[in-house]
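Bring the two chains, given one by one in their own frames, into a single complex with the hints.
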Amino acid sequence: MTDPLNEAAQLINRHIEGVMSADQQSRLAVLMRQDSGVVELYVDIMQLDGYLTWGAANGLSESLEQTSDSLPMQTAVVTDSSQDRWKHGDVSVPVDFRRRLQSGKWSITLSVVLIAACTWGLSHLYRSSSTITSGSSPGNPDVIHNSLVTDDSTDELPESFELGPLQFDSLTRSIISAPFDSTGNTADSPDIPTSLFSEGFSDEDIITAINHQISMTLKDNGVQPSPRAPAGEWARRVWLTVAGRIPSINEIGSVTDGIASESRRQLIDRLLQNPDRSRRLAEVWTSLLVGRSGHPHINRSALMEYLYAAFLENRPWITIVGQLISAEGRSDTNGATNFLLAHLDNQATPATAVTARLFLGEQLQCVQCHNHPFARQTEQQDYWALNAFFQHTEATVHDTDRSTRSLRDRTFRLTDRRAAGMTFYETRSGRQEAVVPSYDGRRIPAESRLHRRAVLAEYLATDSQSRVARAMINRVWAEFFGFGFTSHVDDMGPHAAVSHPELLALLTQAFVAADYDLERLQRWIALSDAWQCTSQATP
Amino acid sequence: MNSNDQAAKVLSDDEFIRLFTSTQRPLFLHILPLVGNGPDADEVLQETNLIMWAKREQFDPGTSFLAWGRAIARLEVFRFRRTRGKKLKFLEGDLLDRIASQAEASSGELELRREALAQCVQQLQVKDRKLILMRYTPGTTGEEIARRLGRPANSVYQSLGRIRRTLAECIRRRLVSGEVT
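So the protein lines, in turn, are chains H and X.
Going by this note's numbering, the first residue of the first sequence is number 1, and it counts up by one from there.
Going by this note's numbering, the first residue of the second sequence is number 1001, and it counts up by one from there.
Worth flagging that the hints you see were computed from the coordinates, not collected in a lab.
Computed from a prediction, not measured in an experiment: that's the story for all the values here.
Cβ atoms here follow ideal geometry from the backbone N, Cα and C, with glycine treated the same way.
Hints may contain errors.
What the hints assert, rightly or not - Residues on chain X that point at chain H, a partial pick, calculated with CB under 8 Å:
hint : residue
1    : Lys1089
2    : Arg1172
3    : Leu1175
4    : Val1176
What the hints assert, rightly or not - Pair ranges (Cβ atoms, derived):
hint : chain 1 : residue 1 : chain 2 : residue 2 : range
5    : H       : Glu394    : X       : Ser1155   : 31 to 39 Å
6    : H       : Gly232    : X       : Gly1093   : 50 to 58 Å
7    : H       : Glu426    : X       : Glu1143   : 48 to 56 Å
8    : X       : Asp1014   : H       : Arg330    : 54 to 62 Å
9    : H       : Asp3      : X       : Arg1079   : 31 to 39 Å
10   : H       : Arg245    : X       : Gln1046   : 24 to 32 Å
11   : X       : Arg1082   : H       : Glu7      : 51 to 59 Å
12   : X       : Gly1093   : H       : Asn6      : 23 to 31 Å
What the hints assert, rightly or not - Partial chain X-side listing against chain H, Cβ under 8 Å, derived:
hint : residue
13   : Gly1062
14   : Leu1066
15   : Phe1090
16   : Ser1106
17   : Gly1108
18   : Gln1158
19   : Leu1160
20   : Ile1171
21   : Arg1174
Chain X with its partners taken away, still in its complex shape (with noise of 0.2 Å):
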């Protein structure tokens, strides 16, 4: 529509896709939360990337990349969860407001949690740290660990929240002391 008189502002496809690149895992983890779980994140992301290659002309360069895609990722949550998105009743309504805020809000410090993640999974104990490798391994469910460990799974998923509350805690007292080397 208005590309014409706008052709100097459009990125170059060189341009657009170091950005695109760029932001592919911030806007993972900001549908994360939104979605509920990896495979769904993934397939929405792929949705909004579509979405971002077509509309590619209407990105205005002066503006933020990611809060570009932010707002495209959003339509697509709403319209994966219409169709076919599993109805989890915490991801509805206001919730899915407060939460896409508050995942907005750390958009900000992803690198620095990363580094804190890598700094706080260091200082857990060696049974945990193992135990949480262990778990994201890539193909391995807590209920295989129980099983390999013999032990039951309740126990196993109460230490795996147990340390992921450790590690969620870790990340914010190190954001929030500036600790991060």
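Extracted from the complex, chain H is given alone in its bound form (with noise of 0.2 Å):
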């Protein structure tokens, strides 16, 4: 009937799972009697699952990933460093004892050195970069420049389509043609037809576009941008952006032995599929959502752990804002609903601020009381048919939990009344005005019973503006740079003076265009030209 492997294989992972039950146990002692390739399987899993979780503790998944991505078109040399890597991985002094060697003295050392180097580096770099000029000169240092961008392009990536008749020169022409004032108001999402990304289009196409853009506004001010940072100096910058912390010895070893050994895109790559990055992306965003302290009644764990599997799995960021936005269910079983459970007080006021500052990036609480004193366009009506989508929003404790226990250990519910209704506001001269709930010039009739957060996900996911992918890209530049598009990552608004407008929104363009897949966009930043820079300031 059943292959015996099979099923075999199946109960020996139940037992690594420690979920087997008895009869379980004498099923697979029967087919280890029945068949000799039963015992061979059981210890091949079991020991597998020794590698693994010995390896996992000593930092083995970032060798396990690293050893093979160099696999496919190798080099001699670079697999026999990687062997070597392998062997010296393998020195078996007591795991403890290598850990403690290496967090002791070492990391603590790198790291002050890192952090020291970075915070310079990414603001040095950031000025260079809103100022300086395309690099390729003759004679600057600078020439292995492009090689990296050449070198790349002949890996594959499983993301990357073929070039296809998209012409990225045009593209860019296109968009820098577009209508913009000086301050980038409100044509700010310039007429590009999204056609143009309609056809699928690489990772090169778009970091050959940042780098174009970048490299005009070096030109247009004259500028000389920084030699390309060496591959030590970025493979630790590059740690610290994406991971969140310092490679190990073993990790940092193989961009410093031979810039041959491994290329910037192959480091981003493995990266980007480190664990790591998703915990790292967890953290900030929970501490975004719902502060660092001060919501003891949120099950802050939950809410992280739904944002780490979310970003391991790399769901479109538009997703995530939208299952953040529209949460419902158990503060425990659902992670999502705890952005709400904490921002919900004092007529989710708070909520419609904070949505609107993170995810919309612009700052609106002001016009909670007032219009906006130099913006014109925001208006103290649109803040309020933008909270009028979180006025159903209700927060009960959940039943078992009402009784004895603190507050600290209740679980909560958060639902929607799907309610009819309109929301009231008042002017600072004292008159009573109504809203429906609307955003982006559509709005839901006051007698409707939808669920409103529901149609608020969906309106940001077809938001004329991308409002929601622009703020994103300003958060995340900012965290490779140092410095978003912006004086204030969080504040976008209709007044805020854009360094690099067209840059911005091609960015954005491109993000909707590839289903706001953030893992990509890290990989067009950081691979950019302008993130190669080394932090030497040129003279």
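Shown next as structure tokens:
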């Protein structure tokens, strides 16, 4: 009937996961006695489990990925060095001793140096990138500069498509020629036909376009960019930025051994698959969404786990935002509910302000009470129209937890009343006004009984200005460079000056066209020429 | 007992420690299938280490250090099972012997297996690779992953089982074909 090896594999697996019943144990014993292949499989899988467990504790998963990242189209040198690394990693000094050795002296020194180098480096980088010229003038030490892109362009990325008929030059040109006024005013979303992106585009296309935009700004300002950062400097920077930590000695070894051993493209791709990248994003966003403390009733770890899983599977950012905004259910089983549970007090005004600030990149809290003093387009009414989406949200203590337990231990349930009605607010002159939920020119009629937050999620996903994408790009860019496109990363309203409006518009379009793929966005920025520059200033 | 006339053949402490450290992982991997889980294997390994250290003068430098360690570990496995070990029905009597000899058979190629594993992990589909790396992030259980991913635990177990078997077979294929680079 069923393949005994298959059955055995599942039983062994249940054993490893600690969920094996007595009957299943007996069954495995029977299978082992019947077929020596089962014994072999058992030993193989147990040892596999041993390698992975031991290895993970020792940073093996990094080297695991590393070795074979360099598998296809391999030079002998690379293979050799990765084997050496293996042997090196295998020196069986007891694990905790090695770990102590590494984390003790080394990482402290390293991290101090790193933090110093990187904070300084990034702020410098931004300054240079916002004003510098195209790097490839002859005689410039930057010659290797372009070799990065060329070398790597032969690598195959699962996400990249064939270079289609899409001509990036023309794309960039059409963006550049799009109408912008000096303050980057409302014309923020220039008239690029989205069809340009519908053909499918590769990561190289976008990276080339970023480079083009930055180098034009540099040229306009007559600034010479810094040379390319050495491999080691870059590796530390990318580890800190993407994984949120410095690499272990083994992990960084591969880069400094020789530039050839692992290209920057390979390193960033490896890091994007590293669970630490998702953990870092989850940590950062948990703090952004609910703060570091002050909401004892919310289930912070459930939110964190929700985010971790979402980033790990690279769920589209717009989906994550939609899920956070429209979440319903228990605070322990649906971690996403904790975002709104933290901000529902006071007529959900915190929810309104935080949603606008984090997801739309707009500071709306001041227009809660009055029209914006100089951003004429931002009206008090808009604030309450956005707030109206949240008005029917309710948090209740979950039944089983109602009695004795402290606030901290309670489970809450987030629901939406799905009721009709308008939202009222008071103008400065004391007049009562009423609004229906509306966003981006679309509104829900007062008598509608829809789940309003779910409708808002839908509106955000089809926003004519792609504000969610734009805001996220600003954040990710700021995370990499230390500065966003606007002086405050979460204040991108009509009044805010944008340093590189064309570039921001281009990335927004591309991010939307790539279905809000955060991994790709991180790769584009990490591999852009500007991010390759050293932190050493040009004279 | 015979320590005096064999003094020349006794290892120096330095040599002993070198051999000792280099066999920790192979010994762990030998013990693991015999006791069935990592924490118990660790414990048995610690007991084994104490005995090895206490009896270091009995080791004959002309023979295999690993084999010597395995013999001691074997006795410790039995002792552990008698006293505290979980009574697993597939780790009894004759089966224990067969598992031990199978584990012994693979001990010569541990390094190759490890390299093969690295390559095989890389060949997994991205989803599978993420799942398995997630599972082996220290302190993570299958149940937790299921909760995080919002999938039923059983379906996660099945995926993990499938991936583990795929890896085991991939390793074996690579060893047979000598494909390990």
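Verification of the supplied hints:
1. Lys1089: holds, 4 Å
2. Arg1172: holds, 7 Å
3. Leu1175: This interface hint is violated because 10 Å lies over the 8 Å limit.
4. Val1176: violated, 13 Å
5. H/Glu394 <-> X/Ser1155: 31 to 39 Å: The hinted range 31 to 39 Å holds for H/Glu394 and X/Ser1155, with Cβ atoms some 33 Å apart.
6. H/Gly232 <-> X/Gly1093: 50 to 58 Å: At roughly 56 Å between Cβ atoms, X/Gly1093 and H/Gly232 fall inside 50 to 58 Å, so the hint holds.
7. H/Glu426 <-> X/Glu1143: 48 to 56 Å: holds, 51 Å
8. X/Asp1014 <-> H/Arg330: 54 to 62 Å: Roughly 60 Å apart at Cβ, these two residues keep to the hinted range, so it holds.
9. H/Asp3 <-> X/Arg1079: 31 to 39 Å: holds, 37 Å
10. H/Arg245 <-> X/Gln1046: 24 to 32 Å: holds, 30 Å
11. X/Arg1082 <-> H/Glu7: 51 to 59 Å: violated, 30 Å
12. X/Gly1093 <-> H/Asn6: 23 to 31 Å: Given about 26 Å between the Cβ atoms, the range holds.
13. Gly1062: violated, 22 Å
14. Leu1066: violated, 11 Å
15. Phe1090: With a minimum Cβ separation of about 4 Å from chain H (threshold 8 Å), the hint on X/Phe1090 holds.
16. Ser1106: With a minimum Cβ separation of about 6 Å from chain H (threshold 8 Å), the hint on X/Ser1106 holds.
17. Gly1108: Because about 13 Å separates X/Gly1108 from the closest Cβ in chain H, which is outside the 8 Å limit, the hint is violated.
18. Gln1158: Check passed: Cβ of X/Gln1158 comes within 7 Å of chain H, closer than 8 Å.
19. Leu1160: holds, 6 Å
20. Ile1171: holds, 7 Å
21. Arg1174: violated, 11 Å
The earlier numbered hints that this structure contradicts are 3, 4, 11, 13, 14, 17, 21.
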